[in-house]
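Below, each chain spelled out in residue letters.
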Amino acid sequence: MRSKRFAMAATGWPGFAKSLKGVILDLCGVLYDSGEGDGVAIPGSIEAVKKLKASDLQLRFCTNETQATREKFVAKLQRLGFDISVSEVFPPAPAAIAVVKQRGLRPHLLVHDGLLQEFDGVDQTNPNCVIIGDAAEHFSYQNLNEAFRVLIGLENPVLFSLGQGRYYKETDGLKLDVGAYMKALEYACDLKAEVIGKPSLTFFQSVLNDMGLKPHETLMIGDDLVNDVGGAQYCGMKGVQVRTGKYRPSDEKHPTVTADGTVDNLAQAVDMILKQRGF
Amino acid sequence: MAGRRALKAVLIDLSGTLHVEDTAVPGAQDALHCLRQASVSVKFVTNTTKESKRNLLERLQRLNFDLQEKEIFTSLSAARSLLEQKQHRPLLLVEDSALEDFTGIDTSHPNAVVVGLAPDHFNYQTLNRAFRMILDGAPLIAIHKARYYKRKDGLALGPGPFVTGLEYAAECKATVVGKPEKTFFTQVNILAFGANNSPASETFSNFLFDFFSIQALSELGCSPSEAVMIGDVSMFKVSISVQFVFADYFQLVTSMQISI
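Chains as they are written, first to last, in the working numbering: chain V, 1 to 279; chain H, 1 to 260.
Bear in mind the hints are in silico, worked out from the structure with no lab data behind them. None of the values given here were measured: they were computed from a predicted structure. Heads up, some of the hints might be wrong.
[As the list claims (entries may be wrong)] With a straight-line cut-off of 27 Å between C-alpha atoms, the simulated DSS-like cross-links for lysine-lysine are:
no.: 1; chain 1: H; residue 1: 150; chain 2: V; residue 2: 192
no.: 2; chain 1: V; residue 1: 253; chain 2: V; residue 2: 53
no.: 3; chain 1: V; residue 1: 169; chain 2: V; residue 2: 275
no.: 4; chain 1: V; residue 1: 253; chain 2: H; residue 2: 145
no.: 5; chain 1: V; residue 1: 169; chain 2: V; residue 2: 51
no.: 6; chain 1: V; residue 1: 192; chain 2: V; residue 2: 76
no.: 7; chain 1: V; residue 1: 192; chain 2: H; residue 2: 173
no.: 8; chain 1: V; residue 1: 214; chain 2: V; residue 2: 275
no.: 9; chain 1: V; residue 1: 169; chain 2: H; residue 2: 173
no.: 10; chain 1: V; residue 1: 76; chain 2: V; residue 2: 50
no.: 11; chain 1: H; residue 1: 150; chain 2: H; residue 2: 50
no.: 12; chain 1: V; residue 1: 214; chain 2: V; residue 2: 21
no.: 13; chain 1: V; residue 1: 72; chain 2: V; residue 2: 53
no.: 14; chain 1: H; residue 1: 145; chain 2: V; residue 2: 192
no.: 15; chain 1: V; residue 1: 72; chain 2: V; residue 2: 51
Isolated chain V (complex conformation):
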């Protein structure tokens, strides 16, 4: 009887931390809040990442960041004080490039200027698909119209969306994310976009493959209940939500996704994990 209760506790949070072999962290809203300049590190996050790296857990970063190349935003995070390197970070653009190359597609890009460099080796002449990322101010009516016209003019239109987030938090408030614009183009062209990035199963799988881990051995920590936590759970991982970034109280009463755990911030999550593991 007693051992049965003990076993049940171990599947809940934070008990299951004992059996983890790896952790995947979201970046924006977990490590830092974006905004003016480099943005701002979330209190306790720098220390939390250090502690994770010092532990026996494997660590990767999975992000839908598409406003800058991987090199650029990792450099920004390092400037903020984070111990993080390019090879540990998984954003959508490299995955999207692999997909279009594999399928012989030439993309029209509706992405932030800061991401264009990532596509330098990609043939963009005579486009036969559209890739949409978090273009922020570049989501002008004119740019959207151009992307729309490419799609509506194709016999077999293909739209790749780097993520499908509804919105994210910057230092000066909540802002529409790529998902809103993906839905706009889906409606305009009467098509369904292919999502590359969280919460796509293949995307999470590529991170797990890199870690050499199974889903049930891995925990995802994020601020986006549906795309971080829900996506991870769909994959077989555990998902914990932080109350920083784009978190809203209504997330804790969500109709379809229930986080395995909800914590105030990354620092608290890491302390609870390490305590379970005897540190």
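Could you slot chain H onto chain V? The hints should help.
Same frame as chain V, now just chain H:
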């Protein structure tokens, strides 16, 4: 002609029924005159979102139609009607030429978002503002949800995609107030013309109107069961059975004359 209900109001579609572009439909002026004699209230309905009522009036009067500005009911009128009913203060994302139809509505400290065809307003900053308002509880009101429209330089995104994006981001549903592309009715109540004749059956039934039509009728003080809508066959959803189909508008109206 048993089981008839009194006909109090008629909603008449403008484009395709009274006029086609800048030409009046033959017989339409006379038919309208007949309707006037029958002392039935009339509202002219249209889904335009760019032209103000004044512009439409001038155009129709040039074609010798006898009508007044207050008899014209556009998708913008429907939006205004909703705003007045709920006492909303709107953030108006509509074309400048449409603003005229909202004069008198308080737009300070807006607590509702109204989206029409307004490319100038579909920029990142303005949409973010609208999004935050909706997250804070402001209702999202769409004049209509057209996917795109034709411009001189090609196809261009309509308001539909932006309304859809806001609905997704804010997890809400917009209230679409404008005249729908296809007007939906349950059972029959349509007097349609343009297709081949079929025998008239003569019973008016109850019908369910969309928001737009109900608003138009409420301005006339009558309920859907006391009204009919006259329009081109193509505007009605095919799933309902059309009981009356007339060869032309004039025949239709004179037939109504007999039964009133």
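List, from low to high, the hint numbers that the structure doesn't satisfy.
Of the numbered hints given earlier, those the structure breaks are 2, 3, 4 and 6, listed in rising order.
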